[in-house]
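Peer 1: What follows is the residue order along each chain.
Protein chains: 2
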Amino acid sequence: MMRSAVTAGLPQGWRHVHFDADGLVPVVTQDINTGRVLMLAYANAEALGMALATHRGVYWSRSRRELWIKGSTSGHRQRLVEVALDCDGDAVLYLVEQVGPACHTGAESCFDVGPRMTFSDAGWVA
Amino acid sequence: MMRSAVTAGLPQGWRHVHFDADGLVPVVTQDINTGRVLMLAYANAEALGMALATHRGVYWSRSRRELWIKGSTSGHRQRLVEVALDCDGDAVLYLVEQVGPACHTGAESCFDVGPRMTFSDAGWVA
Numbered sequence: 000m001m002r003s004a005v006t007a008g009l010p011q012g013w014r015h016v017h018f019d020a021d022g023l024v025p026v027v028t029q030d031i032n033t034g035r036v037l038m039l040a041y042a043n044a045e046a047l048g049m050a051l052a053t054h055r056g057v058y059w060s061r062s063r064r065e066l067w068i069k070g071s072t073s074g075h076r077q078r079l080v081e082v083a084l085d086c087d088g089d090a091v092l093y094l095v096e097q098v099g100p101a102c103h104t105g106a107e108s109c110f111d112v113g114p115r116m117t118f119s120d121a122g123w124v125a
Numbered sequence: 000m001m002r003s004a005v006t007a008g009l010p011q012g013w014r015h016v017h018f019d020a021d022g023l024v025p026v027v028t029q030d031i032n033t034g035r036v037l038m039l040a041y042a043n044a045e046a047l048g049m050a051l052a053t054h055r056g057v058y059w060s061r062s063r064r065e066l067w068i069k070g071s072t073s074g075h076r077q078r079l080v081e082v083a084l085d086c087d088g089d090a091v092l093y094l095v096e097q098v099g100p101a102c103h104t105g106a107e108s109c110f111d112v113g114p115r116m117t118f119s120d121a122g123w124v125a
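The listed protein sequences derive, respectively, from chains A and B. Under numbering that gives the first Met the number 0, the letters of the first sequence match residues 0 to 125, in that order. Under numbering that gives the first Met the number 0, the letters of the second sequence match residues 0 to 125, in that order.
The set of hints was computed from the structure by calculation and includes no laboratory data. Take the hints with a grain of salt, since some may be wrong.
Stated by the list, open to error - Covered stretches of chain A (in silico footprint by chain B; criterion: 3 or more residues with CB under 8 Å from a CB of chain B, positions within the stretch not fixed):
| no. | segment |
| --- | --- |
| 1 | 12-26 |
| 2 | 36-45 |
| 3 | 71-82 |
| 4 | 99-110 |
Claimed, not checked - Sample of chain B residues facing chain A (criterion: CB under 8 Å; computed from the structure):
| no. | residue |
| --- | --- |
| 5 | 18 |
| 6 | 78 |
| 7 | 104 |
| 8 | 107 |
| 9 | 114 |
| 10 | 115 |
On a predicted model such as this, the values are computed, not experimentally measured, just so you know. Note that CB positions come from ideal geometry on N, CA and C, so glycine has one too.
Take the sequences, apply the hints, and build the full model.
Peer 2: Here it is as structure tokens:
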């Protein structure tokens, strides 16, 4: 089976990660100190295995089609403090200590750059 | 163009959301009060438009293949307080006030249920 082949290098309990048809799983990266969500990226089995083994934020770059050890060129590394898999095994959470900004634009978070809307509680029925 | 067609109903600034080949964008949902990442789900243009219009956590259920207004059956609604798009337009962040548990298992967060690993800083070179 493809799944057991690609996840054979992962620790017990991580072998039921549901990689998608491209062999990827989305990874939410959160700053463990500030609580801010820094970025959303993807990992393949190799990247996830390397992250778990080296305690670094490691991903698969979809644009460059290569393993992406976050900060290896920019210096903006991530120390992996906690990793969690979600209830249905198709999303991963990296809790990290981030060195410098997480976003390639220089922003603290990738979600600081795009459009943002804030809503008051008027009009919402709880 | 498909993109402009599917995003025509979205507010200005949200029309460059990069939906994937299935017409979906991943959504990270964070509890604005606790800072916890609650879940990772997906939205199509209709779900995102409805979320922005109704200030509710609205998604596309990939398993049920239908619009998913979070909490409409369970009562575990999400009031949308802030929405942000990331730097390259291919991920969305919902900051919500969560009513009850976010996870269908009854856990506060979907990331409380799967395997979790914690690492000390020994062995990491900053």
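Peer 1: If a hint holds in the structure, say so; if it doesn't, say that too.
Peer 2: Evaluated hints:
1. 12-26: With 3 residues close enough to chain B, the hint holds.
2. 36-45: holds (count 3)
3. 71-82: holds (count 6)
4. 99-110: Three-residue rule met by the segment 99-110 of chain A, so holds; n is 6.
5. 18: Violated: closest Cβ of chain A sits about 14 Å from residue 18 of chain B, beyond 8 Å.
6. 78: holds (5 Å)
7. 104: holds (5 Å)
8. 107: violated (11 Å)
9. 114: holds (4 Å)
10. 115: Given a least distance of 4 Å, the restraint on residue 115 of chain B holds.
Hints 5, 8 from the list above are not met by this structure, while the remaining hints are.
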